Every structure is written in structure tokens, then in C-alpha cells.
Amino acid sequence: MTGGLFWERMRRRPAALVSLVVLVVIAVVSFTATLAGLVDPVAQDVTAVNQAPGAEHWFGTDVLGRDLFARLLMGVRISLTIAFFAGLLDVTLGVAWGLISGLARRRTDGVMQRFLEILGGIPTLVVLVLMLTVLEPGLVTIVLAMAVTGWIPMARLVRAQALRVREQEFALAARVLGSGRVRLALRHVVPNTLGLIIVQSMFTIPTAIFFEAFLSFIGLGMRPPTASLGTLLSSGFQTFTFLPFQMLVPAVTLSVIMIAFNLLADGLRDVFDPRGVVAR
Amino acid sequence: MSIGTYALRRLGVMVVTLWIIVTVTFLLLHLLPGSPFVDQKNLTDEQIALLYERLGLGEPLWRQYLDYVGGLLRGDLGISFQFRNQPVATLLAGRIGPSVQLGLQALLVGIPAGIALGSVAAVKRRTWLDSTTTITAVIGRSVPSFVVAALLQYVVGVQLGWLPIAGWRGFAYTILPTLALAVAPMADAARFVRTEMVEVLASDHAELARAKGFGPWGVARRHGVRNSVIPLVTLVGPMAVSLLTGSLVVENIFAVPGIGEQFVRSIFVNDYPTIMAVTILFSALLLVVIFVVDLLYTLIDPRIRLGGSVER
Numbered sequence: 001m002t003g004g005l006f007w008e009r010m011r012r013r014p015a016a017l018v019s020l021v022v023l024v025v026i027a028v029v030s031f032t033a034t035l036a037g038l039v040d041p042v043a044q045d046v047t048a049v050n051q052a053p054g055a056e057h058w059f060g061t062d063v064l065g066r067d068l069f070a071r072l073l074m075g076v077r078i079s080l081t082i083a084f085f086a087g088l089l090d091v092t093l094g095v096a097w098g099l100i101s102g103l104a105r106r107r108t109d110g111v112m113q114r115f116l117e118i119l120g121g122i123p124t125l126v127v128l129v130l131m132l133t134v135l136e137p138g139l140v141t142i143v144l145a146m147a148v149t150g151w152i153p154m155a156r157l158v159r160a161q162a163l164r165v166r167e168q169e170f171a172l173a174a175r176v177l178g179s180g181r182v183r184l185a186l187r188h189v190v191p192n193t194l195g196l197i198i199v200q201s202m203f204t205i206p207t208a209i210f211f212e213a214f215l216s217f218i219g220l221g222m223r224p225p226t227a228s229l230g231t232l233l234s235s236g237f238q239t240f241t242f243l244p245f246q247m248l249v250p251a252v253t254l255s256v257i258m259i260a261f262n263l264l265a266d267g268l269r270d271v272f273d274p275r276g277v278v279a280r
Numbered sequence: 281m282s283i284g285t286y287a288l289r290r291l292g293v294m295v296v297t298l299w300i301i302v303t304v305t306f307l308l309l310h311l312l313p314g315s316p317f318v319d320q321k322n323l324t325d326e327q328i329a330l331l332y333e334r335l336g337l338g339e340p341l342w343r344q345y346l347d348y349v350g351g352l353l354r355g356d357l358g359i360s361f362q363f364r365n366q367p368v369a370t371l372l373a374g375r376i377g378p379s380v381q382l383g384l385q386a387l388l389v390g391i392p393a394g395i396a397l398g399s400v401a402a403v404k405r406r407t408w409l410d411s412t413t414t415i416t417a418v419i420g421r422s423v424p425s426f427v428v429a430a431l432l433q434y435v436v437g438v439q440l441g442w443l444p445i446a447g448w449r450g451f452a453y454t455i456l457p458t459l460a461l462a463v464a465p466m467a468d469a470a471r472f473v474r475t476e477m478v479e480v481l482a483s484d485h486a487e488l489a490r491a492k493g494f495g496p497w498g499v500a501r502r503h504g505v506r507n508s509v510i511p512l513v514t515l516v517g518p519m520a521v522s523l524l525t526g527s528l529v530v531e532n533i534f535a536v537p538g539i540g541e542q543f544v545r546s547i548f549v550n551d552y553p554t555i556m557a558v559t560i561l562f563s564a565l566l567l568v569v570i571f572v573v574d575l576l577y578t579l580i581d582p583r584i585r586l587g588g589s590v591e592r
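Chains as they are written, first to last, in the working numbering: chain Y, 1 to 280; chain D, 281 to 592.
Computed footprint of chain D on chain Y, listed as stretches where at least three residues anywhere in the stretch have a Cβ under 8 Å from a Cβ of chain D:
#1 127-133
#2 206-213
#3 216-222
#4 240-247
#5 251-260
So these bits of chain D aren't anywhere near chain Y, every CB distance computed over 12 Å:
#6 326
#7 327
#8 340
#9 341
#10 358
#11 388
#12 453
#13 454
#14 482
#15 490
#16 495
#17 497
#18 499
#19 501
#20 507
#21 579
Looking from chain Y toward chain D, a few residues come up when the C-beta cut is under 7 Å (computed):
#22 117
#23 118
#24 121
#25 122
#26 123
#27 237
Keep in mind that the hints were calculated from the coordinates and are not lab data.
Please read these numbers as outputs of a predicted model, since none were measured by experiment.
C-beta: ideal position from N, C-alpha, C; glycine also.
Please construct the entire structure, taking both the sequences and the accompanying hints into account.
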């Protein structure tokens, strides 16, 4: 699909476009503000603990007197980083596995499929809890734990697409003319699957954000003083009944990001995948 | 492939998967450094030796593994390190009730609500009713259940005081956790039913029904609902997964004495036998649910290709 056609189709999906803009703004603001040191998410001020939102602290302060706006920006940055790398690993592993499995000999494909079937039977929840119980929780471990089962849908999708493409006439012609499997994969299968890969990865990102928040909420997430959306939610929940803003701020932010990603993914699916091949 | 062969093959894969889960769980948790006892400093060497003896921790790893797997097959899940040294099986058995009740109630509320929303959206396609439903569905599947749970607790429990905030002493205590858990299945069902029903309503037999004089609701009731609800069976697997995940935090928020709440507490205090047992229990439960759903679906709809792989 050309860029022009893409934007033309996107223009007819205002929800997806708005979501895209919202996400870009959130990402740019949170990354530049925290990385350029415009805000300080770890500075404690014992004279100003648990303050309500106001002029000095837009979103108030937490129990240690840290500015909640700064912590929120850091939280968004960490959560987006986790989601990005989790998505990247899913794409890399899934596409590689799917291509090899789909273009390999029947027996290799069969073995690879059985492996997927068994790994896919293990609930993500179980993998995450086990890995984070055993390993020290942190950005890298969370990303790795999510990747253990996260790439399976992508692998299935790419394999199915590879099987479809390899039987089509242009692919047969390429094989007759002497293209090897690698060339077939890179020249024909990947370009014809790119849209689906993008859509699928857009669905894995909100899943990753959700699981990060979930893990932090049950005490297996990032360690303080690092903030993520999950740790902010979970510490906000401790004081929820008398200082509701400490939870509402990360809760609303998390929800907005999740909704935006889902709307964007829906829009992209309509653009790239009008027949709805990507299953959720 | 006949349905019998298919079922047997799936059963085989299921057993292998479960065995791998058990083995990996066992190895991971036994290779952990540290001691299972919180107050080891207060124990004499003799007491520690005695505890190791009683829990079988002094045996070689392969021996412990065989003992554990043997125990599992007899329904013995080991002894909890932290919770008054009860057998894990007893500990969990007392907690299954509330979890199952919440899960079923959430499905009973969520799925019919989702079907109703999805049907309305499909019949009133491209009206404000449709957009409202779609937006509700997107919000419902985007906002995590624990955020919904905390908000419900705050608004309905704390601010309005209509329902109890937390605890487990009667039906009123189940309402808020049920609602929090029901949001996701409702959103998924609504979205699914809308898509299916839009397709059914555009089909020839729906057209014929309209030609015979049925109104839009009559067609939806006689043709749409039945045709779009049967494929809904495929959603039960993913729903079970998300209910289980949600139950961990929702039970915690509302202090429900269920499996999820016990699991989170066990994680906090590193009670490995309980963590292992719940891990295995959850995996087994989900594997069985998905297996049953797949079989059911192939029975209901013979067009489903057995084996699930693309022909080549």
C-alpha cells in the first residue's frame, strides 16, 4: 500500500487519527520532559506531602512529597518503553518463526507447529507470575517475561500468510525462476504481510501496557523509585479512599492510552486488513 | 480427521503441556536462592533440620520432583510454608467457592448484556445507538478491570454507600466485584455479536424474512441472535483467561476470600508450594476450558476444519 492511499483511508477514520495524535503527543511530552530533566520525578519534599492538585503541583503530590505530574510523565515513559520493547520482541520472534515455519519443509513445519501449540497452551498470566517471582523485577525482566508467550499470535498469523502467499502465481513464478526461500520470504511474503504485522503489533502494545500495570498492582512490577503507570496505580490505591486523585490521575491516563491504542489498532485493521484476518 | 482422533490428539497435547508447566514451575521455584522460612533467625539448627526433614527439602532434587508429581496425581499439592502449615489442597479448597461464584456471576451478567448491546447496535446500525454501543465496548475492553473495580468501590461503596466496600458476608458483597469482572466479557460479547449480526442481517435469508414482512427486530430475533450467538462460544476461552487474570486483582481490592486473593498473598510472602499449586490449577483449568470449548464448537458447527491448520 502506498503512503498516499494509506493516509486517504486513514482520513476516513477520525477516531484512529485522533488516537494517533493523542499517543504521539503523550509519548513526545513524557519522553522529552523526563529525559531532558524538565521535571524531577524523584525529588522528595517533606513539607508538601499528599497535596491536592493545584497551581504549584498540577496533579498534587504523593505520600513522600514527590510531584505527581512528574511521576506520571515518568510512569508513562516507562510503561511505553516496556510496551515498545515487548512489541518489538513479539514482532521479531513471531515474524521469524512464522516465515521459517511457513516456508520450511512439511516435517519442520509440523515440529514448529507442535512447539507453538504447547507453548500457546501455557497461560501468559502463569508465565509472568513465575518469571517475576524468580527473577528480580525490572524493565528487562518484565519485557522478557511478556515475550515468552507474546509472540505466538504473530507467528501463527505470519505462517498462515506465508502458506497463502507461497502458493500464489507470482510466488510460484519467482520459485521457477530460481528464487530461494530467503528471497521468497523477504521479497514476497514480508511485503504482503506487512500490514497485518503492523495491525497485530498494535494489538500487542496495549496488552503489554495492561500486563505491566497488572503486575505492579499485584506487587511483581517495577521497583521504587522508578514509576510506571502500574506502580502509580498501586500506590495510589493504598490511599484511594481519602486521597482519590492519587489513583485517579494514573487510572485516567492509563485508560486514555489503552483506549487510544485500541482505537488506532481498530482503524489500522480496517485500513490494512479489510477482510479481518487478524484475530483478537 | 474424525472428531474422536481430534479429541485424543488434543488431549495428548494438553497432558504434555500440563506436564511441562508442572516441571518448569517445579524447577524454577526450587532453583531459587534463599530459605522458605521467614524467621529463620529465630529457629535453632535442629528445628531447621526438622522442618527440612518434614517438608522433604533435604532430598535430592529428582526425588522431590517425583514425590511432588506423585502427590499431584493423588491430589496432594504439598504443605504451605506460610499459612499455618496447612496442606495447600485444603487451603485452596476453602477458597474455590467465592472465585467460581464471582466468575460465573460475571459471565451471567456480562454475556447477556453484551448480546443485547451488540444486537441493538447491529439493528440500529449507523445511528447514535450504534456509536454509543461501540464506544462503550471500546472503553470496556480498554480499561483494566482493577481500575473499574477501584472506581466502583470508591463511587458506589465509599461515596454513595449503597453497597458494602469489601468483604464476603452475603450476596450484597458479590455485586461490585461481579460488575467489575463483567465489564470485559460484556464488551467482548457486544463487539462480537455486532459484527456477526451485521453479517447475518445482510444475508439472503434475512432479506427473505424482511420480504415476508418481518420488521427489523423480528428478523434480528428469529435469524440474527441464533446465528450470531453460537460462534460466541469461541470467546469463552479468552473470557476465562481474562476473568482469571482479573480475579487476582478484583478479589484483592474487594477482600474476597478467593483463590486469586490467596495467590497474590502467597506471592507477597514467597509461599512457593501455594504459588506452584495455583499456577498448575489455573493452567489446568484454562486448558480444560479451551479444550471443551473447541470440542463443543466443532460439534455445533461441522464446517469448522478439524486440526486448525491451513491446508497445503
